[in-house]
Amino acid sequence: MSIRSLRARVTCWYVGLLAAALVVFGASLYFGFKRYLDTAMEQSLAAEATSIGQMFVSELENKGPAWMSGELSESYPPENGEHFVRISRMNPDGGYEVIYQSADARELALGPLRFAGPSSLRNSRARVETGSRDRNVVLYSLPYTLPSGTKYLIETGTTRGQVERLLSSLLTILLTLTPLVLLGAAIGGYLMMSQPLKPVVSLTLKAERIGIGEPGERLPVIRTGDELERLSLSLNRMISRLEDALAHNRRFSADVSHELRTPLTILRGELEHVIQLQSVGPDVAESVGSALEEIDRLAQIVESLLTISHLDTGGAGIEFNRFDLQEMVKTTAEQMKLLADEKQITMSSDTSELVYSLGDESRIKQVLVNLLDNAIKYSHRGGHVVISVRSDANAACLTVKDDGAGIPPDALPHVFERFYRAEKARPRGTAGAGLGLSIVEAICRAHGGTVSVDSTEGKGTTVNVRLPAAVSASPPAAQDQQAAVS
Amino acid sequence: MRILLMEDEPKVAGFVERGLTAERYAVDVSSDGQEGWELAERYPYDLIILDLMLPTLEGKEVLQRIRKKNTTVPVLILTARDKVDEKVQLFEMGADDYLTKPFAFAELLVRAKALLRRGPVNRSSTLRIGDLELDRLTQSVKRAGRRIELTTKEYQLLEYLMQNSGRVMSRNMIIEHVWDQSFDGFTNIVDVYVRHLRAKVDDAHQFKMLRTVRGTGYMIRSEEEA
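Those protein sequence lines, which keep their order, are chains A and B.
So the first sequence is residues 1 to 486, counted in the working numbering.
So the second sequence is residues 1001 to 1226, counted in the working numbering.
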């Protein structure tokens, strides 16, 4: 399905919305989790500082710094990871003296650690400092005053490594899962969309098949109670209106034919009567004869128009039978040979290929007769008309080629239009009303075939007819005719 | 021979009646379905010519009633409609022949005669008109004892005209009998063939047997008939 299909567009839309929702969700999760971890770390650092104060610093003056260092090193062994404890005592001059520092603190190479300013001595707080190798270290300072009045500052710290590792793995999970979820949603959604769209697809297929030839055909009504049901109902009502219009048109054709045929019958009957009268002189007979000829022509036009209208509306009752196109060409060419001979036109047919077509043989013959008649009419004395028959992909092709007057380029697109005749191409004294090719076209169309014309003015015209082919039952016979019929 | 003509269009009825009377048939005309049906019921007609569009009782209904009552009388249908399936339906209902308007009277006459078994049923092996002779067995043609070589189509054309000698045959009738329906239309094939035939049959002789009736068609006749 193309990107412009409804299905693709709906899928794009909701995948986009889902993506936005997932980004918001992922961001909230990430930053919320980060905040939670930071708080938890701070709290644990604070708890640690408090317990160091109560357990060790409070005993410092009784048991001495050596004892405290030992105890602290035991409690926070160096292999404890990126952990850090430092205890400083405030000198009376306001400076600090570090009295204990865990091995990790050195290892962390915190360098000249800033001491928390005087304010730290009043309120505990956490701060972030940058250690060696750009590692961020979170430090928590807790002021601790012994009953003796000596002030101490207990600092606990840890690197943010663990937090960062947690966060980065969370980020990895989010970044991998989000596209996967989106991809799954897109595929699933696209497939799921086929379900509600199925009626639309079947509606489309059915609508394609409904021809104007079969009245009473309707689209399936989708009983879903939604917009699709309304659409199918509206389409069906539209088809009904079209059918009504068509039926009206057809009735009109039938009425016109009846209304024209009866007066034509009377005209002809009366004139035929006149011409038979003994008292009629040659002049009158000539005039009446001429009038009769025009009646014939009028009748022919009425017939042709009716034929076209029947073919167009599928009312011609075309019967599809398998027939030998090659044989038909041979007999027709034979039947029309004399017309060609009259103008010393060489008519030859290339029927070396055995071609079976599917259709109404007498109608197809009418096509060939019309085409040959035209080819002979518009050919110069001594010209050539070539008929060829061959089969290609699923089609039986019939080609009539002449080297006559040709058709001017500006007339070429109109040759199949009713009553159209290229003025320049009209030879003197030809009967007809420019309906021959319209009939040819209508017959081809009614067979599901096509007709096309190719012409160079002054060089000649080639008409190609493509008809449904019938599967050949017999193997291609090795018939060699490049039979000159002339 | 008595013919019933059921046709509601007075002018059509008029010239058909005139023509048939001239051929010495007795013709009754009815312009109303019901009335026509009553006539058909009462008299043993030899032929009924029936228009399909009739007041009070439709042509099809009349045909059905006739066939229910009397199955032998030939019925020739006249109609302005020419759908293929309608034709088939009419034949199934028992019509014997079918003529679409506008028709040439000559054609109506030929068909009527064929139905009355009097017309072109000359199936003897030799047709002879004046000094022209056509042998169906050997397919050979002679005029004044001299053999004339004809192509197949020329032979068929001549045979058809000779079968109906003395009557004008329209181009449509000739095309239908000698060629086929596919040639119906704008082609002048009949004229070309008649010209060729005329050259072979008439050129060497004083009396021209093939005659063109302008606007109507062609006929062949003997010197005595002329």
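There may be inaccurate statements among the hints.
[Claimed, not checked] Okay, derived cross-link-like pairs now, DSS-like style, lysine-lysine, Cα gap no bigger than 27 angstroms in a straight line:
#1 B/Lys1200 <-> A/Lys343
#2 A/Lys337 <-> B/Lys1153
#3 A/Lys151 <-> A/Lys198
#4 A/Lys337 <-> B/Lys1200
Keep in mind the hints are simulated off the structure, nothing from the lab.
Status of each hint after checking the structure:
no. : hint                   : verdict
1   : B/Lys1200 <-> A/Lys343 : holds (19 angstroms)
2   : A/Lys337 <-> B/Lys1153 : holds (10 angstroms)
3   : A/Lys151 <-> A/Lys198  : violated (82 angstroms)
4   : A/Lys337 <-> B/Lys1200 : holds (17 angstroms)
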